[in-house]
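Chains as they are written, first to last, in this note's numbering: chain A, 341 to 576; chain B, 35 to 245.
In short, the hints are calculated from the structure, not lab data. Treat the hints with care, since some could be wrong.
[Stated by the list, open to error] Within a straight-line C-alpha distance of at most 27 Å, the following computed DSSO-like cross-link-like pairs (lysine-lysine) qualify:
id, chain 1, residue 1, chain 2, residue 2
1, B, Lys220, A, Lys461
2, A, Lys461, B, Lys68
3, B, Lys68, A, Lys544
4, B, Lys233, A, Lys461
5, A, Lys385, B, Lys233
6, A, Lys389, B, Lys233
7, B, Lys152, A, Lys461
This structure is a prediction, so every number in the text was calculated from the model and none was measured.
Letter by letter, the chains look like this.
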Amino acid sequence: MKYIARIGALVMVVALSGCATSNNPSDPLEGFNRAMFSFNDAVDKVALKPTAQAYQFALPDFVQAGIGNFFGNIGDLWSAVNQLLQGRVETGVTSFMRVAVNTTFGLGGVLDVSTEARLPKQQSDFGQTLGIWGVGSGPYLVLPLLGPSMVRDTAALPADFYGNLWSYKKPVRWRNAGAGIHIVDRRAQLLEAGSLLEDVALDKYDFVRDTYLQSRQARIDDLKGKEPAREKVVEP
Amino acid sequence: MNILTKLLSMTLSVFALTFASAVAAAEAPDALVKRISEEVLNTAKADKSIQAGNISSIVALVEEKILPYVDFERMTALAAGRYWRQATPEQQKQLLTEFRSLLIYTYSGALSQVRDQKIEYKPLRADPANTEVEVRSQVIQSRGEPIQLSYRLEKLATGWKLYDINVMGAWLVETYRGTFNSEITKGGIDGLIKSLSDKNRQLAARSAAKK
């Protein structure tokens, strides 16, 4: 709880310092977002990325795969629930099957047997569910440490937290250690994509934001069965 | 062979040649994408220097196999949006050159991450008479969800050419449009050209150092 208060205070400081009017209609909170993005980037450079690089260097591939699969399996359960909430029964049932097969035949989720068995992985979270139910996304929002989000998806975070079985793991030491390892593993998976991004983006903030917004919206449009909106191409 | 037969066989061969070249020019866009992707991926997987991360090998591969099928001018014009018309021909040329270099690095960077991925193509949903189509595919990886990868192609006199790529729901041109817009607002078209050329110089220096 203390951490939340501290982070809350930090967020307020950053918000107040970064609050500038934005000229971008798709990013009204741009001042705050840029400040938060720089903060996240700094934390990443100093702490998370080196840890992820060490993790990737030190641990054999199959151990990393196992860790990824284990947490992926726990995530699949919440995805399944969301898929059912979204009315995608077939996908939801597939995801439940994934969890069942991976937990039993996959030694508690460490082996991803389901993908081999042609049960594809599909990630869904509560923010996506709200989007499909018709809740507007709200403005783009960069969260401390968690990164890009939208106001709607941020509001959905507590649901994702409660839907994640690992949150209930006792003792708390194990839960925190597990969460930490999960975060490092995810970061390690993104190391190459991250360095490509550094290379090709003129302005990292813009690039991440535009990619995130398009990607998220396309996913929801796709799931709703809508043809993705043809971009308003201003023909020169 | 009498004259008539000779004439007939000549006519037939001319027909055959015309037909063959017509067929070649009319390669369907999804067949084109599939062929090029397969060639590029197979080369990337087999070439040791590419697997070792040698940037110049990758760039060579991109320039040889992919560039001939990309319409850079349209991509640049689309990314610049309404500013394209406001730019002088000289600025347009510079913008085109710099953006082209950046895109080559982008493709090369993506290719350098190719390991053992496989690509599955979705059936083409387009009218045969369309001059603009979207080809959809999925990249299957050993870990994680499949990645959506789509291409937009247009039919030019020289054949089908690529003018946009979509990775996981994000169109490249649209993403760069945001960046271009910011840069032009900050420093005008020349400011954008300068940022791009600085970036390209940085990337060139780094790949020279990596060798």
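Tested hints:
The suggested pairing of Lys220/B with Lys461/A is violated, with an alpha-carbon distance near 43 Å, which exceeds 27 Å. Between Lys461/A and Lys68/B, the direct Cα distance comes to roughly 25 Å. Compliance with the 27 Å bound is thereby established for this hinted pair. Note on Lys68/B and Lys544/A: the hinted pairing is violated, with a Cα-Cα distance of about 31 Å set against a maximum of 27 Å. Between Lys233/B and Lys461/A the alpha-carbon distance is near 37 Å, which puts this suggested pair outside the 27 Å criterion.
Among the hinted pairs, Lys385/A with Lys233/B is consistent with the structure: their alpha-carbon atoms are about 20 Å apart, no more than 27 Å. At most 27 Å may separate the alpha-carbon atoms for a hinted pair to count; Lys389/A and Lys233/B meet this at roughly 23 Å. Proximity of Lys152/B to Lys461/A is assessed by CA-CA distance (about 16 Å); at most 27 Å being required, the pair is judged to hold.
Hints 1, 3, 4 from the earlier list are contradicted by this structure; the remaining hints agree with it.
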